[in-house]
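Undergrad: Sequence:
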Amino acid sequence: MLLSEQAYRKIDKELTKFPANRRRSATLAALTIAQDEKGWVSTEVIEEVANYLRLAPIAVQEVASFYNMLNTKPVGRYKITVCSNLPCALQGSVVTIDHLKRKLGVDLSETTEDGMFTLQEGECMGACGDAPVMLVNDKHMCVRMVPEEADVLLDALKKDGGAL
1 MLLSEQAYRK IDKELTKFPA NRRRSATLAA LTIAQDEKGW VSTEVIEEVA NYLRLAPIAV
61 QEVASFYNML NTKPVGRYKI TVCSNLPCAL QGSVVTIDHL KRKLGVDLSE TTEDGMFTLQ
121 EGECMGACGD APVMLVNDKH MCVRMVPEEA DVLLDALKKD GGAL
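Once you know that position 26 of the sequence shown is 26 in the numbering used here, the rest is easy, because the numbers rise by one and skip nothing.
These are calculated hints, taken from the structure and not from any lab test.
Don't take every hint at face value.
[To be verified] Result set (SDA-like, lysine to any residue): computed pairs, CA atoms no more than 20 Å apart in a straight line:
(1) 10 / 138
(2) 73 / 63
(3) 103 / 84
(4) 139 / 76
(5) 103 / 92
(6) 73 / 14
(7) 13 / 29
[Stated by the list, open to error] Ranges of calculated distance between the beta carbons of each label pair, as one might list FRET restraints:
(8) 152 / 20: 44 to 54 Å
(9) 16 / 116: 34 to 44 Å
(10) 74 / 156: 21 to 31 Å
(11) 67 / 143: 21 to 31 Å
(12) 87 / 12: 36 to 46 Å
(13) 18 / 156: 36 to 46 Å
(14) 110 / 37: 20 to 30 Å
(15) 47 / 87: 32 to 42 Å
(16) 110 / 36: 15 to 25 Å
Given the structure is predicted, the values throughout are model-derived calculations rather than measurements.
All C-beta atoms, glycine included, are put in the ideal place defined by N, C-alpha and C.
Model the full assembly from the supplied sequences, consistent with the hints where possible.
TA: Following this line, the structure appears as structure tokens:
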């Protein structure tokens, strides 16, 4: 088994939320649990989740490739996703993206050489009033992320080892 016992228990808990004949409904939750443990969902992890849910691997692959919060290739310890939709762009997200690209020395969808940061562009995160918005590891939303605030965040992640 590729995942820990704890991960399988979490997946089992998700399965209880759906009728027995609707195991497929737990696919996104199961992939998220696997990613939380492994850092990304490899082909092997996708097949493992499919087997555990008793689904065809392609059905799980379709979910993994559809949602941009699921990483189907390795990412840095911190995946930084900056919203570039119109409200955030009007408030400076494009400037913040350019600043982060220079500061990190990577382009969008790339990871720093030390494996610490992956920079991505994202779609609307539903917090337009607090634009520009970014997500760290798809779970921690940061608001009003002008370049100066992005620098503070990067410094904190480097220094604290991830205490958000």
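Undergrad: Please go over all the hints and tell whether each is borne out by the structure.
TA: For each hint, the structure was consulted:
About 19 Å separates the Cα atoms of residue 10 and residue 138, which keeps this hinted pair within 20 Å; it holds. Restraint check for residue 73 and residue 63: satisfied, since their Cα atoms lie roughly 14 Å apart, inside the 20 Å limit. Straight-line distance between C-alpha atoms of residue 103 and residue 84 comes to about 18 Å, which keeps the hinted pair within the 20 Å bound. Note on residue 139 and residue 76: the hinted pairing holds, with a Cα-Cα distance of about 15 Å set against a maximum of 20 Å.
In summary, the hint linking residue 103 to residue 92 is supported, as the alpha carbons are separated by about 16 Å, within the 20 Å threshold. Under the criterion of a C-alpha separation no larger than 20 Å, the hint pairing residue 73 with residue 14 is inconsistent with the structure, at around 24 Å. For the hint pairing residue 13 with residue 29, the CA-to-CA distance comes to about 10 Å; that is within 20 Å, so the pair holds. The hinted window of 44 to 54 Å between residue 152 and residue 20 holds, with their beta carbons roughly 49 Å apart.
Under the hint 34 to 44 Å, the C-beta atoms of residue 16 and residue 116, about 37 Å apart, fit the expected range. At roughly 23 Å, the beta-carbon separation of residue 74 and residue 156 lies within the given 21 to 31 Å, and the hint holds. Remark: the range hint 21 to 31 Å for residue 67 to residue 143 is upheld by a beta-carbon distance near 22 Å. Judged by the Cβ atoms, the range 36 to 46 Å given for residue 87 and residue 12 holds: they are separated by roughly 40 Å.
Look at residue 18 against residue 156: about 39 Å separates their beta carbons, and that is inside 36 to 46 Å. Against the hinted window of 20 to 30 Å, the Cβ-Cβ separation of residue 110 and residue 37 comes to about 24 Å, which satisfies the hint. At about 39 Å, the CB distance of residue 47 to residue 87 agrees with the hint of 32 to 42 Å. As the Cβ distance of residue 110 to residue 36 is approximately 23 Å, the hint placing it in 15 to 25 Å holds.
Hint 6 from the earlier list is the only one contradicted by this structure; the remaining hints agree with it.
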